[in-house]
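Below are the chains, spelled out letter by letter.
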Amino acid sequence: MNTHLRKYFRQEHLPHIWCPGCGNGIVTAAILRALDRLGWEKDRTVFVSGIGCSSRAPGYLDFNTLHTTHGRALVFATGVKVAHPNLNVVVITGDGDASAIGGNHLIHAARRNIDITTICFNNSIYGMTGGQYSPLSPTDSVASTAPFGNTDRSFDLCRLVEAAGASYVARGTTYHVTPLTKLIERGFEKRGFSFVEAITACPVYFGRRNKMRTPVEMLEWQKDAAVPITRAQKMDPEELAGKFVIGTFVDIDMPEYTESYERLLREHASDRGGG
Amino acid sequence: MSSSEVRAEDPVVVDRHLCKACGICIAFCPKSVLGADGDGIAIVERPDECIRCRMCEFRCPDFAIVVRSEEDE
Ligand SMILES: Cc1ncc(C[n+]2csc(CCOP(=O)(O)OP(=O)(O)O)c2C)c(N)n1
Ligand code: SF4
Ligand code: SF4
Ligand code: SF4
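Chains A and B supply the protein sequences, listed in that same order.
Residue 176 in this note's numbering is what sits at position 176 of the first sequence, and the numbering runs on without skipping anything.
Residue 25 in this note's numbering is what sits at position 25 of the second sequence, and the numbering runs on without skipping anything.
Worth double-checking, as some hints may not be accurate.
Here are the simulated DSS-like cross-link-like pairs (lysine-lysine), alpha carbons at most 27 Å apart as the crow flies [claimed, not checked]:
#1 A:LYS234 with A:LYS182
#2 A:LYS182 with B:LYS31
#3 B:LYS31 with A:LYS223
#4 A:LYS7 with A:LYS42
#5 A:LYS243 with A:LYS182
#6 A:LYS223 with A:LYS182
Pairwise CB distance ranges (calculated) [said to hold, decoys possible]:
#7 B:ARG16 with A:ARG37: 23 to 33 Å
#8 B:SER32 with A:HIS4: 23 to 33 Å
#9 B:ASP37 with A:ALA163: 44 to 54 Å
#10 A:ARG44 with B:ASP37: 38 to 48 Å
From the structure, some residues in chain B lie toward chain A, with a derived Cβ separation under 10 Å [to be verified]:
#11 LEU18
#12 CYS19
#13 LYS20
#14 PHE28
#15 MET55
#16 GLU57
#17 ARG59
#18 PRO61
#19 ASP62
#20 VAL66
Calculated from the structure, these hints are not laboratory results.
Using N, Cα and C, we set each Cβ at its ideal position, and we do this for glycine too.
All chains, please: the whole structure from these sequences, using the hints.
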């Protein structure tokens with residue numbers, strides 16, 4: 001293992017439980033490289049996750065870690081951040097965890113613009129429970145609960161988070177791992193709610209059912225289907241069918257929740273004092 | 001010497017204990033440096049071709065590959 005990254009792992013728990021070729025490890029390593037570049041200290045960093053294969057990532061990381069309940073990682077993370085605004089708080093969540101059961105929490109964390117970085121591992125499926133479709137499964141893709149193809153429209157979660165009011169929104173893939181690492185790093189740096197969707201592979205439950213037999217074919221798909229935002233802006237919706245856009249969608253400065261809250265407390269300190 | 005042994009001079013090192021034989025590093029190496037042994041575990045076949053781009057290390061899902069910097073040698 002890379003000597004720079006070794007110190008961030010709970011070595012005794014490796015090799016990890018993820019299947020051969022599962023992209024979760026690629027995203028996890030990108031997260032560690034990003035925080036290593038920023039010099040984040042382990043004791044000042046908290047990883048919070050929900051439930052799912054992806055949500056197991058914090059179990060391998062030698063930081064303050066909180067493995068919570070399905071869809072609720074942002075609720076616990078909000079509590080941590082409000083209690084200790086100086087900590088770096090990172091949420092790791094799956095596409096199902098973030099958009100289905102946890103969708104409401106995602107909207108309101110973005111609306112508050114609380115300084116949490118959320119990394120959504122989007123593998124297009126519920127991996128842990130055997131490949132049921134999620135709100136992010138592409139239309140027509142095959143899932144255990146959609147054996148003839150998924151009739152739902154697929155959610156563009158980045159647009160949801162942008163509309164809800166986040167300061168930073170971006171999407172990358174595990175194939176484009178160097179840009180993905182930079183997007184995560186920028187999300188970490190940003191004061192406010194940051195959301196990075198990482199397109200990643202579940203070769204076992206998504207790939208095999210959708211004509212991508214190997215992890216390598218899944219990365220080829222990411223390479224071919226990803227369109228950088230600058231190019232996408234010049235393309236028609238028809239040309240973009242079956243593709244997804246990668247890059248930075250939002251990077252703006254807006255009032256951050258814990259700062260606004262602290263200011264309120266300061267302003268009213270005399271009201272409370274001595275009482 | 002068997003090709004699966006770690007040679008001190010190799011620019012790329014695979015941890016056989018961590019590798020799960022997914023084939024990603026082999027497929028996407030721009031210089032075809034890597035191959036697989038009989039179990040699919042990645043091995044360094046053409047070390048002299050390596051340009052140390054580190055893509056194999058960055059894309060390995062199992063933290064099993066390290067590309068050494070030239071100063072390490
Ligand atoms: C309240 C509750 N409902 C349902 C489940 C079952 N469950 C566990 S993980 C999961 C979905 C996981 O999918 P995703 O969040 O996309 O993560 P992945 O496993 O694909 O990384 C579900 C439905 C649960 N654990 N708790
Ligand atoms: S089931 Fe899918 S998401 Fe879960 S570990 Fe295996 S490949 Fe990864
Ligand atoms: S990418 Fe990693 S796990 Fe996959 S074959 Fe290469 S070394 Fe092994
Ligand atoms: S560093 Fe680049 S050239 Fe060298 S083995 Fe890895 S992918 Fe191939």
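query = How about B:PRO61: closest beta carbon in chain A under 10 Å, or not?
reply = Where the cut-off is 10 Å and the nearest Cβ of chain A is about 4 Å from B:PRO61, the hint holds.
ask   = Quick one: are B:ARG16 and A:ARG37 within 23 to 33 Å, going by C-beta?
value = holds (29 Å)
message = Please check whether B:ASP37 and A:ALA163 have a Cβ separation lying inside 44 to 54 Å.
response = holds (50 Å)
query = Does B:LYS20 pass the interface hint, meaning its C-beta sits closer than 10 Å to a C-beta of chain A?
reply = holds (4 Å)
ask   = Is the Cα-Cα distance between A:LYS234 and A:LYS182 27 Å or less?
value = holds (24 Å)
ask   = Does the nearest C-beta of chain A fall within a distance shorter than 10 Å of the C-beta of B:ARG59?
value = Cβ of B:ARG59 sits 6 Å from chain A, so the hint holds.
Interface hint compliance - B:ASP62 to chain A, C-beta minimum distance less than 10 Å = holds (6 Å)
key: Proposed proximity, B:LYS31 with A:LYS182 (alpha carbon, max 27 Å)   = Judged against 27 Å, a Cα distance of about 25 Å means the pair holds.
task = Using 10 Å as the Cβ threshold, decide whether B:PHE28 counts as touching chain A.
result = Since chain A brings a Cβ to about 7 Å from B:PHE28, closer than 10 Å, the hint holds.
inquiry  = Check whether the Cα positions of A:LYS243 and A:LYS182 lie no farther apart than 27 Å.
reply    = Holds, at roughly 22 Å.
key: chain A contact restraint for B:MET55 - C-beta distance below 10 Å   = holds (7 Å)
key: Restraint check for A:LYS223 with A:LYS182, where alpha carbons must lie at most 27 Å apart   = Measuring from Cα to Cα gives roughly 17 Å; hence the hint holds.
Of the hints listed earlier, there is not a single one the structure fails to meet.
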